[in-house]
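Peer 1: Each chain, letter by letter, is given below.
There are 2 protein chains.
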Amino acid sequence: MSVDSQPQTDVLVIGGGVIGLAIGWRAAQQGLQVVIADPEPGLGATHAAAGMLTPIAEAAYAEREIFALGQNSLRRYPGFAADLQRSTGLGVGFRQSGTLQVAYDSDDLAILAETRQLQESFGVRLQQLSARECRDAEPMLDPAVRGGLLAADDGSVDPRRLAAALLQAAEGAGVRLVRQRVTEMVCTAGRAAGARLADGSVAPARWIVLAAGWQSAGMPGLPPGIAPPVRPVKGQIIRLRTTAAMTAAGLPPGLLRRTVRGIVRGCGVYLVPRDSGELVVGATQEELGPDTAVTAGGLWELLRDARTLVPGITELEFADAVAGLRPGTPDNAPIIGLTELPGLVLATGHFRAGVLLAPVTADTVADFLCTGVPDPLWRAFAADRWPGAARRLEEEVACR
Amino acid sequence: MSVDSQPQTDVLVIGGGVIGLAIGWRAAQQGLQVVIADPEPGLGATHAAAGMLTPIAEAAYAEREIFALGQNSLRRYPGFAADLQRSTGLGVGFRQSGTLQVAYDSDDLAILAETRQLQESFGVRLQQLSARECRDAEPMLDPAVRGGLLAADDGSVDPRRLAAALLQAAEGAGVRLVRQRVTEMVCTAGRAAGARLADGSVAPARWIVLAAGWQSAGMPGLPPGIAPPVRPVKGQIIRLRTTAAMTAAGLPPGLLRRTVRGIVRGCGVYLVPRDSGELVVGATQEELGPDTAVTAGGLWELLRDARTLVPGITELEFADAVAGLRPGTPDNAPIIGLTELPGLVLATGHFRAGVLLAPVTADTVADFLCTGVPDPLWRAFAADRWPGAARRLEEEVACR
Numbered sequence: 001m002s003v004d005s006q007p008q009t010d011v012l013v014i015g016g017g018v019i020g021l022a023i024g025w026r027a028a029q030q031g032l033q034v035v036i037a038d039p040e041p042g043l044g045a046t047h048a049a050a051g052m053l054t055p056i057a058e059a060a061y062a063e064r065e066i067f068a069l070g071q072n073s074l075r076r077y078p079g080f081a082a083d084l085q086r087s088t089g090l091g092v093g094f095r096q097s098g099t100l101q102v103a104y105d106s107d108d109l110a111i112l113a114e115t116r117q118l119q120e121s122f123g124v125r126l127q128q129l130s131a132r133e134c135r136d137a138e139p140m141l142d143p144a145v146r147g148g149l150l151a152a153d154d155g156s157v158d159p160r161r162l163a164a165a166l167l168q169a170a171e172g173a174g175v176r177l178v179r180q181r182v183t184e185m186v187c188t189a190g191r192a193a194g195a196r197l198a199d200g201s202v203a204p205a206r207w208i209v210l211a212a213g214w215q216s217a218g219m220p221g222l223p224p225g226i227a228p229p230v231r232p233v234k235g236q237i238i239r240l241r242t243t244a245a246m247t248a249a250g251l252p253p254g255l256l257r258r259t260v261r262g263i264v265r266g267c268g269v270y271l272v273p274r275d276s277g278e279l280v281v282g283a284t285q286e287e288l289g290p291d292t293a294v295t296a297g298g299l300w301e302l303l304r305d306a307r308t309l310v311p312g313i314t315e316l317e318f319a320d321a322v323a324g325l326r327p328g329t330p331d332n333a334p335i336i337g338l339t340e341l342p343g344l345v346l347a348t349g350h351f352r353a354g355v356l357l358a359p360v361t362a363d364t365v366a367d368f369l370c371t372g373v374p375d376p377l378w379r380a381f382a383a384d385r386w387p388g389a390a391r392r393l394e395e396e397v398a399c400r
Numbered sequence: 001m002s003v004d005s006q007p008q009t010d011v012l013v014i015g016g017g018v019i020g021l022a023i024g025w026r027a028a029q030q031g032l033q034v035v036i037a038d039p040e041p042g043l044g045a046t047h048a049a050a051g052m053l054t055p056i057a058e059a060a061y062a063e064r065e066i067f068a069l070g071q072n073s074l075r076r077y078p079g080f081a082a083d084l085q086r087s088t089g090l091g092v093g094f095r096q097s098g099t100l101q102v103a104y105d106s107d108d109l110a111i112l113a114e115t116r117q118l119q120e121s122f123g124v125r126l127q128q129l130s131a132r133e134c135r136d137a138e139p140m141l142d143p144a145v146r147g148g149l150l151a152a153d154d155g156s157v158d159p160r161r162l163a164a165a166l167l168q169a170a171e172g173a174g175v176r177l178v179r180q181r182v183t184e185m186v187c188t189a190g191r192a193a194g195a196r197l198a199d200g201s202v203a204p205a206r207w208i209v210l211a212a213g214w215q216s217a218g219m220p221g222l223p224p225g226i227a228p229p230v231r232p233v234k235g236q237i238i239r240l241r242t243t244a245a246m247t248a249a250g251l252p253p254g255l256l257r258r259t260v261r262g263i264v265r266g267c268g269v270y271l272v273p274r275d276s277g278e279l280v281v282g283a284t285q286e287e288l289g290p291d292t293a294v295t296a297g298g299l300w301e302l303l304r305d306a307r308t309l310v311p312g313i314t315e316l317e318f319a320d321a322v323a324g325l326r327p328g329t330p331d332n333a334p335i336i337g338l339t340e341l342p343g344l345v346l347a348t349g350h351f352r353a354g355v356l357l358a359p360v361t362a363d364t365v366a367d368f369l370c371t372g373v374p375d376p377l378w379r380a381f382a383a384d385r386w387p388g389a390a391r392r393l394e395e396e397v398a399c400r
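Protein chains in written order, with the working numbering: chain A, 1 to 400; chain B, 1 to 400.
Since the hints were made in silico from the structure, they are not lab data. By construction, the Cβ of each residue, glycine as well, lies at the ideal position given by its N, Cα and C atoms. The reader is advised that the hints may include incorrect statements.
To be clear about the criterion: a stretch of chain A counts as covered by chain B if any three or more of its residues have a C-beta under 8 Å from a C-beta of chain B, and this derived list gives those stretches [unchecked claim]: (1) 229-243; (2) 287-295; (3) 303-314; (4) 317-328.
Put together the whole structure using the sequences plus the hints.
Peer 2: Structure below.
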């Protein structure tokens, strides 16, 4: 138990993706002693995330509550990014250039009209664009695009740079990073009290924050009924790059001026440009368990739909393709807050929105760790909102 | 001139692709002192080659002479591969499981019928297969495939393993590998006498073999009219991989039993399975100068056509995608033999067939270097078959 000799740890965060790193950083900034355990910080779902900050466009698929949480988190992003930049000198590629949602054919346009109704019922003001206005806004769009909706305040960030900055900021604020896998939660006297690491040692802490993404569900050592019902939802993305010749020809870095989300013959695809010249195309959504293979079919579908919307992508250089595992939940909303097990805080299940929701999750969890008062924002995201589901999953895990 | 202190070099081979490495190995086996100069042996066109040994299928695009040369080289392959295996213990993935040429729609079937006429005019016996026979031969083919031609004797090899084995065999036979770029041919008294290397030293030799692929054309120091008219023709390939689950389900490694070359709505695509489980899909053919970017459009076209022929590829894992530069010539045939410059032997311009033609090129060049007698096989591939073209290119190079 070599870690026992360390000074008293206030918080052990299990998981070093954007959620865990951000919580650790914010908690350390408030003076807490924090340890983050992750064998490969930043290399989970974060590594395969596109970094869209689009609560409005995501609202099409989500409940009012997650939309409000996303809006709340987006408002925190400028300060969050600036604070990271001040602490580390590292940029995270934050830009707030909007999202253009477009429809390819008339059926897609009907879907977009429904999307608009839903989004406006949430009180969002969207600018409706004709086909011509879409092309004025984004000249690289295919002339066939039928119409669009502009969400001017949406943003984006580079998740790999974000993870790198968070890691540096966290360590700069005094967080101790343990690059080991957690093999088991350790409970003492009915309270979460630490975690056993791959080397057999136990890291004790007053509070345990479980932020291990989809792997949170199968964490050994959790009492029955406590494991959050998260499952891996595979997503493949492709990173493309504009060439020097394109830049010389006056094309914007990443070919587009802003994030474009399209409906192409009923399929969703998004294209996220970055100032670095990257254009991220995503994402598949596959229920295949913990499989992270990039497949020929995944690449083909993404390229097919992206090329239909923006034919000019064919000239872009291929940088890489990766697959990540999003932590999906039964209602697509995250799980943030307490459980029946004292000493445990859940911060997982962020599904497609982990990067967007990192600031609000980190701020509210860090505040709770200091004050002991749960944030009212957590109410809609409580772990006990499907007690049956949690128990069923727990039983499945136990049967393996 | 630090290299001058080395023992007398009989042969300096400029270029360490499959052609240069095979020549160096065969010449050293015959007792010659050989130096091969290449900053990155095996990493040019060889690295992006699929390794089809299909003189029959290639005959559709080529002249009778290159078909005969390909047949000649294919006959040498079993011995060539066995000799490499004996010398190094390394396999090169050689298999002789045939090529199935298939047509996707009725227009493609008409093209295939023309191909058959041409191939049979060369004296090749091909087995014509109905749609049903195609699927019996290759159960993973799409049911829409209309018909095919089976060339039972065609083979394939893994070019990366071939380059690794050739490199080891060459060094084992006494070849000295100089991992430097050649900056200039050095001529003395009207004879090719050596080459200047990137470090400024000169490597002298009795014979210079120029086997630098597409870069042979721009070699500084060649007298006017001597540079071979080769140009870079970009080709992109994708390497896919069958999964453990597919193997467990009884699918053949690489999903197919043999190389499949398809005509899909007028476009050519090929799929080459390997015993390792790899399936290589190729290849684009692009006239873009010395550009080796893998592009979104290249990937998309290859995946589109391969998927049309063999829908099951969508489940394969993506391994990588690379682009190489084939040395193209005005008539698509290689340039092998002497020029007006004494001391120089050309072995370049192998275009799409470098891997296939390596054995016959290496054997005949090595024999010439020992005997001084040019091989009659070279007659159709002489450097002076387009004196005008060679001069024009030389002038273009001189104007830069």
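Peer 1: Against each hint, give a clear statement of whether it holds in the structure.
Peer 2: Structure-based check of all given hints:
no. : hint    : in the structure
1   : 229-243 : holds (count 3)
2   : 287-295 : holds (count 3)
3   : 303-314 : holds (count 6)
4   : 317-328 : holds (count 3)
In summary, the structure agrees with every hint in the numbered list given earlier.
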